[in-house]
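Student: Generate coordinates for the entire structure from the input sequences, incorporating the hints supplied.
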Amino acid sequence: MLPKRLLTALALTLIGSTAAQAADEVVVYSSRIDELIKPVFDAYTAKTGVKVKFITDKEAPLMQRIKAEGENATADLLLTVDAGNLWQAEQMGILQPFTSPVVDANIPQQYRASSHAWTGLSLRARTIAYSTDRVKPGELTTYEALADKNWEGRLCLRTAKKVYNQSLTATMIEVHGAEKTEKILKGWVSNLSTDVFSDDVAVLEAINAGQCDVGIVNTYYYGRLHKQKPDLGVKLFWPNQADRGVHVNLSGIGLTKHAPHPEAAKALVEWMTTPEAQKIFADVNQEFPANPAVAPSEEVAAWGKFVADTLPVEVAGKRQAEAIRMMDRAGWN
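Residue numbers for the sequence shown, in mature numbering (1 follows the signal peptide of the UniProt record, and there is no 0): -22 to -1, 1 to 311.
Simulated from the structure, these hints should not be mistaken for lab results. Note that the coordinates shown come from a computational prediction; the quantities given were computed from them, not determined experimentally. Among the hints, erroneous ones may be present.
What the hints assert, rightly or not - DMTMM-like mimics (lysine to aspartate or glutamate), calculated; alpha carbons at most 25 Å apart, straight line:
1) K139 <-> E117
2) K25 <-> E300
3) K158 <-> E117
4) K161 <-> E300
5) K29 <-> E47
Claimed, not checked - Have a look at the derived ranges for each label pair, beta carbon to beta carbon:
6) K114 <-> T34: 25 to 31 Å
7) D2 <-> K114: 41 to 47 Å
8) P115 <-> A279: 29 to 35 Å
9) E300 <-> K29: 40 to 46 Å
10) R112 <-> K45: 26 to 32 Å
11) A299 <-> S176: 21 to 27 Å
12) P39 <-> D221: 36 to 42 Å
13) K45 <-> V285: 34 to 40 Å
14) K205 <-> E300: 51 to 57 Å
15) R112 <-> K25: 45 to 51 Å
16) K161 <-> D2: 24 to 30 Å
17) S168 <-> A83: 43 to 49 Å
18) D306 <-> M70: 19 to 25 Å
19) E49 <-> R112: 22 to 28 Å
Cβ coordinates follow ideal geometry from the N, Cα and C atoms, glycine included.
Tutor: Right under this line is the structure:
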């Protein structure tokens, strides 16, 4: 039988070994699908030896799972799309703030939470798509102008239930106020050529098929469809270039409140904001890097340069509830 002192020493050694193993992995809950995140995580593992385990699902179930796990957390990080979702996660109390000079240096302030609860990793513009056969670019100016009578029966929109449209509406409320924004939304609804669609690809397909002439979509959906259909009769237009700029949102990441491996998780987040990681992540997702020092891929750059809205993206979350109520009043289902 081993002496008690030796048993204690062995136990402490085993505990230390387990802790060391745990520090060599990070667990990410992601609402982005496997093929859009695996390349960047594989690159991090190859560089550092730290394994990145990830679970994918829709954002709402993931956030509820983190909340339910509480102090028995599995996830170190939540990776999801849209500042509205990240803001909601923060309000649920499932994220914790952390400050990092690396993140602050790499990602502009407007793409980070003022509370330091999350940071953007890649950017997407929600912009106007138009038929190259039936619309001349000179006919287009702003999001707001799509409410004008000349677009009656020519507009396609995605459902108001999706956070992307909620965030666009939220930023419009911030800029124009409630009364003017609601009038614009009612104009959009009045100009619809058909019922709203469940996703942006369906909007693009409808424009291509002649069901409508213009729509509002996220840029990466256009990129994916154009890759499948190079002869797609749809192009992107950058609106509001004479005033507030194109609405830009993001995919981002936050440290969970009870992260089992907080230091390892922070190191991963910091690396994901560096040029090396930004290039991988943005290219795979057909998005714009959040780090302004990194150029977009050739394919994304081919869409052209634009002036982006400078509003802090967290406005999308702060005004989300107001936006949802307004969209409902406007008849946007």
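Student: Now tell me if each hint is right for this structure.
Tutor: Hint-by-hint comparison with the structure:
For a cut-off of 25 Å, the pair hint linking K139 to E117 is broken: about 29 Å separates their Cα positions. Of the pairs offered as hints, the one joining K25 and E300 is violated, with about 44 Å between alpha carbons and a cut-off of 25 Å exceeded. In summary, the hint linking K158 to E117 is supported, as the alpha carbons are separated by about 22 Å, within the 25 Å threshold. Restraint check: the Cα-Cα separation between K161 and E300 comes to about 15 Å, which is no more than 25 Å; the hinted pair holds.
A C-alpha spacing of about 22 Å is found between K29 and E47, which places the hinted pair at or below 25 Å, so the restraint holds. A beta carbon spacing of about 42 Å between K114 and T34 contradicts the range 25 to 31 Å that was offered as a hint. Look at D2 against K114: about 57 Å separates their beta carbons, and that is not inside 41 to 47 Å. Distance hint for P115 and A279: a CB-CB separation of about 19 Å, inconsistent with the stated range 29 to 35 Å.
Checked against the hint of 40 to 46 Å, the C-beta distance between E300 and K29 comes to roughly 42 Å, which is consistent with it. Between R112 and K45 the Cβ separation comes to about 48 Å, which falls outside the hinted range of 26 to 32 Å. Checked against the given bound of 21 to 27 Å, the beta carbons of A299 and S176, roughly 23 Å apart, stay inside it. Against the hinted window of 36 to 42 Å, the Cβ-Cβ separation of P39 and D221 comes to about 38 Å, which satisfies the hint.
Distance hint for K45 and V285: a CB-CB separation of about 38 Å, consistent with the stated range 34 to 40 Å. Evaluation of the 51 to 57 Å hint for K205 and E300 yields a failure: the beta carbon distance comes to about 37 Å. Distance hint check: the CB atoms of R112 and K25 are about 49 Å apart, consistent with the given range 45 to 51 Å. Look at K161 against D2: about 56 Å separates their beta carbons, and that is not inside 24 to 30 Å.
Between S168 and A83, the C-beta spacing of about 47 Å keeps the proposed range 43 to 49 Å intact. Checked against the hint of 19 to 25 Å, the C-beta distance between D306 and M70 comes to roughly 23 Å, which is consistent with it. Between E49 and R112 the C-beta distance comes to about 57 Å, which lies outside the given range of 22 to 28 Å.
Consistency with the previously given hints fails for numbers 1, 2, 6, 7, 8, 10, 14, 16 and 19, ordered from lowest to highest.
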